[in-house]
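Peer 1: As a plain string of letters, each chain reads:
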Amino acid sequence: MLRLVIAAAIAASAATTVLAQSDVIAQRKDLMKSAGGATRDPGAMLKGEAAFDLAKVQATLATYQNVATKAPALFTDTSKTGGDTSAAPKVWEDMNGFKAAFEKWNADSKAAAAAIKDEASFKANFPNVLKNCGTCHETYRVKKS
Amino acid sequence: MKKFAVVLAVLAALGAAGFWLLTGPATWAMLRGDGNLAPRGVRSTENGRTMFYAGGCASCHASTGQDDKTKLGGGLGLHSPFGTFYVPNISPHPRDGIGSWSQADFIRAMREGVSPDGSHYYPSFPYTSYQRMTPDDIADLFAHIKTLPPVEGRVRDHALPFPVTIRRTLGLWKLAFLDGQTFKPDPAKSSELNRGGYLVEGPGHCVECHSPRTFAGDIPADRRFAGGPDPEGQGGFIPNITPDASGLKAWSKGEIADLLKTGFTPEYDSVGGSMAAVIRNTSQLTDADRAAMAEYLKSLPPRVSPPKPKKGS
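Chains A and B, in that order, give the protein sequences.
Residue numbers for the first sequence follow this note's numbering, so the first one is -2 and each next one is one higher.
Residue numbers for the second sequence follow this note's numbering, so the first one is 901 and each next one is one higher.
Hints were generated in silico from the structure; no laboratory data involved.
Chain A stretches covered by chain B per the calculated footprint, using a threshold of three residues with CB under 8 angstroms from any CB of chain B:
1) 37 to 51
2) 123 to 132
Residues on chain A that point at chain B, a partial pick, calculated with CB under 10 angstroms:
3) Pro86
4) Val139
5) Lys141
Among the chain A residues that face chain B by a calculated CB cut under 8 angstroms, a handful are:
6) Gly33
7) Gly34
8) Glu135
9) Arg138
Just so you know, even glycine gets a beta-carbon here, dropped at the ideal spot from N, CA and C.
Let the sequences and hints guide you as you build the complete structure.
Peer 2: Right under this line is the structure:
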């Protein structure tokens, strides 16, 4: 009987671990997606498909800072694989570099938020913030379809 | 018994001689290829620059451990199921790079996958695509590379298991999988579609990554551009870029061209892995060239993606 209880307890804790790691993967995916979603408006403005809107740009930059602050904690040691993650093993091999990339994105977003006052300063500063996406994904993310 | 041994030895010698004959670059050139190796026009380093970025040379050949993508000292390790290939120095350094090469050497390397000393290159160098380029574009590319800084230092040898180490066997591989034909524009199609086809199939070498390969390392014709597991490992899956529902069907031509310019998908996801380096190159092309590439990708026959491998937990 005791054996059965222990086995059940192990099974339950294993299930919780699996649940927890897919949970954190889902959370970080949602968080990164919120950054992508926030890019839609300024992206359209950069392409000339939407009129410049300072409030929307500032909201996006605030979202970036929020994501950059929260994201690193969601790449836990137990979430290297599973849950259809596209995080590259490099994230854990070089956690310091990975965190530094988020800090740079955060700092660039903050600097852009201070510098952007009108359409001209938006076009001059915003692309610099966007460069962080590709640079970080190049190293820390695997290809995915 | 002695006679039997003699016969066996003769047969072995004939076999070896046959292998040697069959696998030489000259045999390939005689049986395959269109012999289109001589440029006709006047050199343009401006067009060479376009070819350099369309071809993504720096993605593999840029010196490792530094950020200047015009320094082509090589050193990158390409991990593949066949072993690890170390990308050579193609800077115009006369001793360590390709500075002492003739234009003809360079065209032959690009179109036939043969080094100036007559040995076969491994198709990790995508001459299977570069063979589609015209000698004029390749000569312009060579002229452009000559304007870049020479970088000292030779790169280590490839780390390959036997028998992949025998370059001569590549002669057979080439007879099977390298047709040596320059891109043929289709006069019935628009000049934009032909330009896009040339850029995608030739210098762009998109098919080399965006397709599954067989155990022999070739790409089945009916699987071209359909994506598949990342041969560089890490559990990545390379997207299908045909206009199938599992590929780019929902993407407009403008959205594909935008991705090639900015690296952002229509959902403002930013592409990662080695595609980020591809974007650094395609962002240097003209809007017209990116639109042409998009037009061509939209014209491909739709093909379903290979099944995704089950992710381990």
